[in-house]
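Protein chains: 6
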Amino acid sequence: MANIITMGEIMCRLSPPGATRLVQATAFNIVYGGGEANVAVSLAGFGHDVHFVTKLPNNELGDAALASLKANNVQTNAVARGGSRLGLYFLETGFGIRPSKVIYDRAGSAMAEATDPDFDFDAIFANANWFHWTGITPALSPQAAQLTKKALIAAKKHQVTVSVDLNYRKKLWSPKQAQAVMTDLMQYVDVMIGNEEDAQLSLGLTLRKTNVTSGELIKEDYLEMFRSLSSQYGFQLIATTLRESYSASKNGWQALLFDGERLYESKRYLIEPILDRVGGGDAFSAGLIHGLLTRDKEQALEFAVAASALKHTIYGDFNLVTENEVDTLVTGDLSGRIQR
Amino acid sequence: MANIITMGEIMCRLSPPGATRLVQATAFNIVYGGGEANVAVSLAGFGHDVHFVTKLPNNELGDAALASLKANNVQTNAVARGGSRLGLYFLETGFGIRPSKVIYDRAGSAMAEATDPDFDFDAIFANANWFHWTGITPALSPQAAQLTKKALIAAKKHQVTVSVDLNYRKKLWSPKQAQAVMTDLMQYVDVMIGNEEDAQLSLGLTLRKTNVTSGELIKEDYLEMFRSLSSQYGFQLIATTLRESYSASKNGWQALLFDGERLYESKRYLIEPILDRVGGGDAFSAGLIHGLLTRDKEQALEFAVAASALKHTIYGDFNLVTENEVDTLVTGDLSGRIQR
Amino acid sequence: MANIITMGEIMCRLSPPGATRLVQATAFNIVYGGGEANVAVSLAGFGHDVHFVTKLPNNELGDAALASLKANNVQTNAVARGGSRLGLYFLETGFGIRPSKVIYDRAGSAMAEATDPDFDFDAIFANANWFHWTGITPALSPQAAQLTKKALIAAKKHQVTVSVDLNYRKKLWSPKQAQAVMTDLMQYVDVMIGNEEDAQLSLGLTLRKTNVTSGELIKEDYLEMFRSLSSQYGFQLIATTLRESYSASKNGWQALLFDGERLYESKRYLIEPILDRVGGGDAFSAGLIHGLLTRDKEQALEFAVAASALKHTIYGDFNLVTENEVDTLVTGDLSGRIQR
Amino acid sequence: MANIITMGEIMCRLSPPGATRLVQATAFNIVYGGGEANVAVSLAGFGHDVHFVTKLPNNELGDAALASLKANNVQTNAVARGGSRLGLYFLETGFGIRPSKVIYDRAGSAMAEATDPDFDFDAIFANANWFHWTGITPALSPQAAQLTKKALIAAKKHQVTVSVDLNYRKKLWSPKQAQAVMTDLMQYVDVMIGNEEDAQLSLGLTLRKTNVTSGELIKEDYLEMFRSLSSQYGFQLIATTLRESYSASKNGWQALLFDGERLYESKRYLIEPILDRVGGGDAFSAGLIHGLLTRDKEQALEFAVAASALKHTIYGDFNLVTENEVDTLVTGDLSGRIQR
Amino acid sequence: MANIITMGEIMCRLSPPGATRLVQATAFNIVYGGGEANVAVSLAGFGHDVHFVTKLPNNELGDAALASLKANNVQTNAVARGGSRLGLYFLETGFGIRPSKVIYDRAGSAMAEATDPDFDFDAIFANANWFHWTGITPALSPQAAQLTKKALIAAKKHQVTVSVDLNYRKKLWSPKQAQAVMTDLMQYVDVMIGNEEDAQLSLGLTLRKTNVTSGELIKEDYLEMFRSLSSQYGFQLIATTLRESYSASKNGWQALLFDGERLYESKRYLIEPILDRVGGGDAFSAGLIHGLLTRDKEQALEFAVAASALKHTIYGDFNLVTENEVDTLVTGDLSGRIQR
Amino acid sequence: MANIITMGEIMCRLSPPGATRLVQATAFNIVYGGGEANVAVSLAGFGHDVHFVTKLPNNELGDAALASLKANNVQTNAVARGGSRLGLYFLETGFGIRPSKVIYDRAGSAMAEATDPDFDFDAIFANANWFHWTGITPALSPQAAQLTKKALIAAKKHQVTVSVDLNYRKKLWSPKQAQAVMTDLMQYVDVMIGNEEDAQLSLGLTLRKTNVTSGELIKEDYLEMFRSLSSQYGFQLIATTLRESYSASKNGWQALLFDGERLYESKRYLIEPILDRVGGGDAFSAGLIHGLLTRDKEQALEFAVAASALKHTIYGDFNLVTENEVDTLVTGDLSGRIQR
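Protein chains in written order, with this note's numbering: chain A, 11 to 350; chain B, 11 to 350; chain C, 11 to 350; chain D, 11 to 350; chain E, 11 to 350; chain F, 11 to 350.
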């Protein structure tokens with residue numbers, strides 16, 4: 011199993027119980043999550059030795075976030091403590107024709123204000139095989155962007171494979187700000203994950219004709235985009251998920267992987283009903299990393315898309331599935347028969 | 011924004027948590043609701059100055075019902091206090107092929123026993139633009155029927171536009187009793203809302219051939235019914251929703267509006283899954299009133315049907331949506347993508 | 011109404027709230043259930059005088075299991091008390107493409123260790139009309155298998171009609187063990203219920219070609235299997251349900267009944283969404299027994315399949331429906347309209 | 011063990027979770043209870059064959075009330091079905107210096123409107139040893155008062171011992187109404203239970219000087235009252251509890267029993283904290299009946315007061331304790347050490 | 011009834027259910043509260059026309075905070091909308107020897123960043139009789155301190171009586187910062203509320219010898235402090251509560267009022283158990299204001315201390331009690347007997 | 011900080027919510043706990059490097075137990091996986107005069123059936139400073155007793171300090187069985203913890219006159235017992251807690267420590283109310299170990315008794331407190347004032 015590093019912010023997510031709305035809430039269910047933490051938990055669940063790099067406030071909320079990582083088998087030696095607050099987000103889970111809503115309350119979080127001395131990147135990457143990050147981390151703050159770059163330089167110094175999920179977040183930065191940072195950071199990336207919208211907003215690249223909203227997929231256009239990205243940034247692999255959003259409770263789900271030569275196209279899942287789609291992309295990233303570390307590319311892609319399809323039926327940000335459960339789905343058993 | 015009056019009974023609704031049955035209940039979730047209160051809350055949410063006319067008992071249950079109105083921006087100056095009890099209803103929410111069940115426990119409620127001196131209708135309608143009532147209010151008791159007539163006379167005296175939702179309830183009165191009261195009250199109505207079944211049971215009118223249960227819609231037959239009602243009662247507008255009930259979790263939903271000349275037919279929504287369909291008709295009434303007050307008839311109808319489609323995904327009787335959320339659905343985005 | 015006996019183990023079922031996973035649980039919702047207890051509750055709900063034969067530990071958990079039977083109108087005079095523990099099972103309810111999971115924790119239960127002196131079978135069957143058991147009871151332990159045989163002998167001595175649901179459970183015994191016991195016990199059976207998989211594993215018989223997993227039904231093959239079973243064991247009636255498992259939330263559901271001559275094929279239900287499919291087969295058995303006691307064979311089968319389809323929308327192991335509710339579904343109303 | 015009959019109304023009790031107030035409630039926990047039902051459940055728990063006589067509406071709420079009796083071992087053959095509604099009461103449980111509050115919503119209940127043909131009193135009392143009723147039953151309505159008298163006549167015809175708990179309820183009738191009915195019914199009573207306030211309001215008798223509110227007990231005055239009641243009505247036994255209400259969470263608790271000659275005075279319990287004092291008096295009545303049926307008078311009184319002290323630590327109206335648990339407390343172990 | 015203004019921040023309070031710790035939480039119960047909002051709700055509950063001045067973010071969390079005010083009868087016309095976030099605080103409620111803990115997460119809240127143009131103080135105070143504020147409001151931020159001064163100047167311009175609760179919060183500012191602001195603002199104050207610790211930290215004044223922690227009260231020392239404050243700032247009235255903290259579940263509670271001449275000393279309450287002591291001081295302020303507006307000083311103080319004693323038994327920040335409930339306690343009934 | 015090993019069984023504890031009884035439960039709250047695991051969690055919380063030695067079944071329940079350890083900072087490298095089931099126990103938490111009840115369901119657990127090859131004791135104790143075990147572990151089964159001895163031998167081989175909590179459990183073995191095993195194992199023990207009852211039942215030694223139930227403490231008698239044990243087994247230190255059980259909600263709590271010469275007597279705490287006393291003894295053991303590792307004997311004892319007093323206010327088996335919180339209590343602040 012590999013030694014894997016992910017770095018980013020883990021937040022407390024607060025959501026009204028059941029399918030009620032935020033304004034109806036008299037209580038919030040809480041879980042912890044965030045793009046890179048979600049990937050860490052998935053990979054730890056698949057058996058890897060995973061370390062998460064973040065900074066958490068020195069109070070009970072920070073303790074609880076830390077405990078959620080430990081309980082899910084993530085190593086936390088590289089977690090710094092301090093700063094003023096834990097990032098929060100409020101999630102109103104959509105239902106059928108009513109979409110989900112997110113209110114971020116993460117400004118000024120410990121990780122957004124973390125600085126270089128909080129982490130010893132040389133030690134962190136000394137024995138690492140893989141480093142995964144997402145576009146959310148540099149978007150947190152200018153110092154977080156600098157921190158990301160330092161981590162990438164250290165990772166490359168230690169010959170660590172680097173993957174990124176572009177994950178553009180319009181509430182954190184503008185396309186202009188994003189592109190200024192992200193286009194520079196792509197030089198350190200081996201495996202790039204991102205859909206057409208992310209690529210456009212984070213890297214300034216446009217997929218010619220595909221209509222993402224309607225779910226129509228024009229694979230040829232994607233192939234062209236991948237070739238263009240590949241030649242511009244030298245990525246070894248590019249992957250994307252293709253979500254067809256019929257409603258908050260029903261999605262089509264498929265993925266593509268490009269290795270510079272061949273375009274792999276996964277099986278398509280119709281996911282209905284959906285319990286919790288937050289973290290679906292992160293489950294894909296984790297599935298892809300695990301797949302690439304243990305199988306051939308075609309199998310890796312199928313593992314990734316099955317893992318992330320399953321995520322839509324798991325409550326919370328974390329994809330609490332085993333490799334065996336994912337493989338059962340890959341093999342084609344969607345029957346949902348009781349195991350007894 | 012308009013000054014709108016609605017009058018009726020608000021009840022405490024008690025329902026077993028989740029999708030459990032009444033006999034399984036060890037607790038009841040409670041919300042407050044009732045046809046005219048639901049319309050009031052919707053219209054207040056769309057920004058109107060809405061006053062609800064009712065009578066509530068002078069105890070903590072009456073206080074809680076009142077608080078639910080205030081919290082949802084409804085004005086409660088015209089709420090009388092006194093009487094012996096708050097009306098209740100027990101709701102077992104259906105699930106798939108299992109239908110919902112309602113047990114009414116509203117006999118002898120404060121509003122059913124309210125009388126003329128409880129309300130100063132002249133003051134209530136002095137600055138009003140619109141008065142909405144439903145066939146439930148006069149069905150509560152003979153004195154409630156008299157009260158309704160007095161309110162209507164006062165409304166007309168002050169040149170207030172009057173809308174009604176026929177809303178026949180077989181557990182409150184017989185068709186014969188209903189028709190004796192309702193056919194008389196129609197003289198005060200400008201905008202009539204009611205489906206074929208309501209029209210038949212409340213007004214004695216039959217739609218020729220449509221099979222409501224199966225969801226087959228024969229618009230020509232509806233047109234004929236509308237023309238007949240129009241000529242008989244002089245309504246300016248007639249509207250109806252067309253529900254196709256496939257199961258408790260899946261409905262087709264569409265609406266018609268007739269202005270004496272043209273029959274407007276809305277977009278059709280397939281609502282699946284359904285969270286809570288109680289109050290769907292009230293959400294339509296409120297959407298239609300708001301639409302007619304702010305847009306043209308075609309847009310008004312589309313707003314009304316979208317608002318009421320959304321209601322099916324909101325827990326409770328009240329349609330807790332904003333104008334903006336309804337407009338997003340009208341514009342055609344059913345994708346349920348997370349807003350973040 | 012008939013005097014009906016069922017015998018088996020009732021367990022405490024522990025399941026995480028909502029659709030969360032076992033590893034996420036901070037609480038377990040509990041209900042009581044087990045194949046034969048479920049049948050007893052259904053039949054008591056349909057108005058029969060039903061006695062359940064089991065043994066429960068002499069502690070509060072045994073008391074609670076007993077109370078759940080009494081609350082559901084099952085007679086408990088024949089329940090022995092004593093033994094070391096109550097059987098438990100942990101259920102993680104599936105959701106969409108994620109299947110349900112069961113962890114049994116029933117070894118050493120009071121019923122598994124019950125012995126002859128615990129029950130007075132002559133008294134139990136003295137006034138009985140019908141005895142229902144399932145393949146789970148003899149699978150509990152060797153002494154439970156002996157007990158089952160003694161009960162069957164007593165039942166036959168008192169001219170009681172005997173039905174069995176084969177219900178093979180691979181976590182309780184091997185096909186070899188099952189066949190050694192079950193083929194012997196078939197001599198006492200009048201009405202046999204079991205699908206192709208059960209027949210194969212419990213009785214060693216194979217249905218020629220049908221692919222159960224994919225839901226393709228080859229009725230001719232079933233007919234051949236029924237004829238073979240009929241001639242081998244002399245069953246008066248053979249029935250089976252035909253489940254098409256599309257996902258944990260969507261199943262096709264139909265049933266067959268063979269009376270030695272004619273093969274009755276029920277209406278097919280598409281059950282979506284599913285709330286709780288545990289006990290679906292037991293609801294079918296109970297529906298069939300009630301149907302055979304009160305109607306003709308064709309109607310009995312339709313009643314059975316409708317009752318069990320409804321079960322999928324009821325939380326818990328018990329099928330808490332009335333005869334009237336089942337008949338409404340049989341008549342064809344799937345509309346889910348609110349009864350008010 | 012004895013065959014015991016109790017008769018009265020069982021209600022659904024709705025209370026906000028924890029120690030929240032009625033106006034804060036978004037859910038109500040529900041249990042079922044009522045004076046005579048509570049006594050029935052206690053006595054069934056002590057092993058008697060107990061029948062409860064009431065009338066319940068023919069809906070799911072009536073079913074649930076019935077199930078709560080069955081689950082607690084009460085025989086329900088004599089329960090009539092029909093009428094318009096189930097009686098309800100809303101309970102806000104007090105906390106420390108904040109007192110409990112009850113809102114009754116029981117007018118027009120099935121039992122309040124029950125009439126003679128609903129019950130076959132000859133059959134009911136044919137094998138009975140004891141009949142217990144309370145002053146609440148005749149207070150429900152004039153016809154309920156008549157029904158109570160008919161039951162008492164039948165009981166006496168069958169030589170059944172009769173006990174009453176005066177239980178004056180000021181929200182159901184005035185002292186004048188109460189005395190008109192109750193003084194007449196006392197002729198059938200063998201064992202009378204009631205405190206000074208009850209005796210004054212229900213029977214018009216005053217205890218000379220005792221200050222009940224402050225908890226000061228003047229036993230001599232009680233003795234005088236008992237002697238007076240004894241000579242006037244010929245009771246064999248008179249008993250009363252003596253509650254010292256320091257706060258909603260802290261009470262002193264003691265009882266007296268008078269047999270015409272000797273005044274027995276029980277041990278005094280300081281109950282702190284109190285979980286749920288509703289049904290404390292009923293637990294005393296049941297304890298006393300059980301005690302008188304199985305022990306000498308002194309032990310009977312100690313059993314009764316210990317049983318009712320324990321009730322204050324049990325959630326709900328029903329005193330869910332075993333004879334063994336009560337005896338442990340009688341023996342003097344208040345240590346609360348874990349039994350493991 | 012009076013027209014009363016209060017100004018400050020209302021926060022969402024998140025607390026683990028029951029008596030669990032923050033690190034154990036899988037959900038947070040939420041209520042809304044804050045010193046000045048709590049006073050507003052109390053006074054509205056006593057029947058006054060109360061307006062709360064604050065700024066809330068333009069999202070669902072702001073909507074929910076606003077709804078909590080409206081539901082509790084507070085006028086919200088003067089609430090500005092906008093800014094970046096709603097202030098939050100996490101509360102771990104203490105239990106016995108374990109103290110409560112608060113984590114503030116209110117930096118950068120809408121109210122902390124509110125500025126002059128958000129409010130029209132002339133309009134706000136035009137018809138007002140009373141203005142209440144606390145030392146928390148100017149502590150929020152420098153601009154909040156300026157805002158407070160502007161409000162005070164406007165209040166005085168309109169001859170409004172001004173009361174303050176010093177309420178020193180060490181997590182918001184240092185004693186030095188507090189004194190720089192507060193000593194200046196005291197010139198506008200008529201009624202000053204604050205204990206010895208507040209007076210020391212906010213105003214730099216020390217009570218000679220009293221040992222607050224141990225609950226020993228040296229009233230002579232308090233009298234001296236009051237005289238000193240009175241002569242320095244010209245307060246008409248000075249009041250303080252005297253809390254004896256035996257544990258998180260048991261407090262002594264008493265209060266003093268000084269009118270420049272006489273020192274009034276209230277009854278002392280022993281509050282045990284305590285449900286929720288947050289907002290106890292605010293309940294005192296509101297009780298005192300209501301008392302001073304409707305009774306003589308002695309009665310006002312008794313009303314205030316009883317109201318705040320009751321608050322300790324009410325869940326949440328708001329003191330949801332009626333004038334009648336407080337008066338019952340003042341009259342001396344602590345018996346906690348059920349009202350039925 | 012020290013490297014500490016504890017060994018034993020961790021169970022899933024199931025308890026009805028709030029203060030309800032087992033027979034009332036419709037759900038069980040779950041936590042994980044067990045004597046030695048509780049000690050491990052406490053010590054990890056105080057900052058030590060703690061390893062727990064146990065065996066857990068290879069299913070989701072085993073995973074969840076493991077996650078609870080990790081989340082609380084316990085190292086789990088030495089946890090074996092396999093075996094048939096996770097030990098369970100059902101806890102009905104007492105309330106006031108109603109005692110707590112425990113139903114064990116732990117027979118046949120993975121740890122009870124664990125054997126030598128499951129653990130590499132040489133590796134486990136290689137770097138250890140301290141080994142803590144309790145009398146529960148050898149009581150689980152004969153092989154568990156052998157395992158305990160092997161662990162003790164290995165510990166001694168590596169010069170590890172050994173502490174034991176006698177913790178006699180009458181549901182696991184008889185005094186005779188216990189003494190046969192325990193008197194032998196005492197040779198490896200340095201620090202012995204146990205009260206008079208434990209010493210009598212586990213070691214056959216009697217404290218002359220002390221009446222434990224009544225809470226009367228005769229320290230001289232304890233001193234004599236300690237001297238006798240000391241001379242017999244050569245313990246370096248002997249400690250005991252002295253619980254005075256007034257009710258399930260109120261206990262006195264104190265402790266003694268004997269070092270062969272001096273008897274240290276701690277401060278006495280009156281703990282009222284009690285939230286959860288399970289694990290109170292384990293909290294003492296952990297506090298004592300931590301105290302002995304970091305302070306002098308007198309301070310160690312005070313730390314231990316304060317830590318365990320606090321435990322009574324923490325929900326669950328684990329004592330989730332920090333060293334700082336314990337020290338605050340040691341210093342004498344019982345005031346329960348809010349930290350804000």
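Treat the hints as calculated values from the structure; they're not laboratory data. Here the structure is a predicted model, which means the values were calculated and not measured. Note that beta-carbon positions come from the ideal geometry of N, C-alpha and C, so glycine has one too. Don't take each hint at face value.
Said to hold, decoys possible - Simulated DEER-style distance windows between Cβ atoms:
no. : chain 1 : residue 1 : chain 2 : residue 2 : range
1   : F       : S94       : A       : N68       : 36 to 44 angstroms
2   : F       : E207      : D       : E308      : 58 to 66 angstroms
3   : F       : E207      : A       : D337      : 52 to 60 angstroms
4   : C       : N68       : E       : G57       : 36 to 44 angstroms
5   : C       : M11       : D       : E333      : 32 to 40 angstroms
To be verified - Straight-line alpha carbon distances no greater than 27 angstroms define the calculated DSSO-like cross-link-like pairs of lysine-lysine that follow:
no. : chain 1 : residue 1 : chain 2 : residue 2
6   : F       : K80       : E       : K111
7   : C       : K229      : A       : K260
8   : D       : K260      : E       : K260
9   : C       : K307      : C       : K229
10  : E       : K260      : F       : K260
11  : F       : K260      : D       : K260
12  : E       : K111      : D       : K111
13  : A       : K260      : B       : K159
Is the straight-line distance between the alpha-carbon of C/K307 and that of C/K229 27 angstroms or less?
Since the Cα atoms of C/K307 and C/K229 sit roughly 18 angstroms apart, the hinted pair holds (cutoff 27 angstroms).
Taking only the CA atoms, is the gap from F/K260 to D/K260 under or equal to 27 angstroms?
13 angstroms, holds
Could you grab the alpha-carbon distance between E/K260 and F/K260 and see if it respects the 27 angstroms cut-off?
Holds, at about 13 angstroms.
Is 52 to 60 angstroms respected by the C-beta to C-beta distance linking F/E207 and A/D337?
54 angstroms, holds
Given a hinted range of 58 to 66 angstroms, is it respected by the beta-carbon distance of F/E207 and D/E308?
Hint violated: Cβ distance 33 angstroms, outside 58 to 66 angstroms.
27 angstroms Cα cutoff - pair D/K260, E/K260
13 angstroms, holds
Given the hint that A/K260 pairs with B/K159, does the C-alpha gap stay at or below 27 angstroms?
48 angstroms, violated
Okay, C/N68 versus E/G57 on CB: inside 36 to 44 angstroms?
59 angstroms, violated
Holds or violated: F/K80 to E/K111, with C-alpha atoms at most 27 angstroms apart:
Within the cut-off at roughly 25 angstroms; holds.
Can the suggested window of 36 to 44 angstroms be confirmed for the beta-carbon pair F/S94 and A/N68?
43 angstroms, holds
If you draw a straight line from the CA of E/K111 to the CA of D/K111, is it 27 angstroms or shorter?
31 angstroms, violated
Does the Cβ-Cβ separation between C/M11 and D/E333 fall within 32 to 40 angstroms?
36 angstroms, holds
Comparing the model with each numbered hint stated earlier shows that hints 2, 4, 7, 12 and 13 do not hold.
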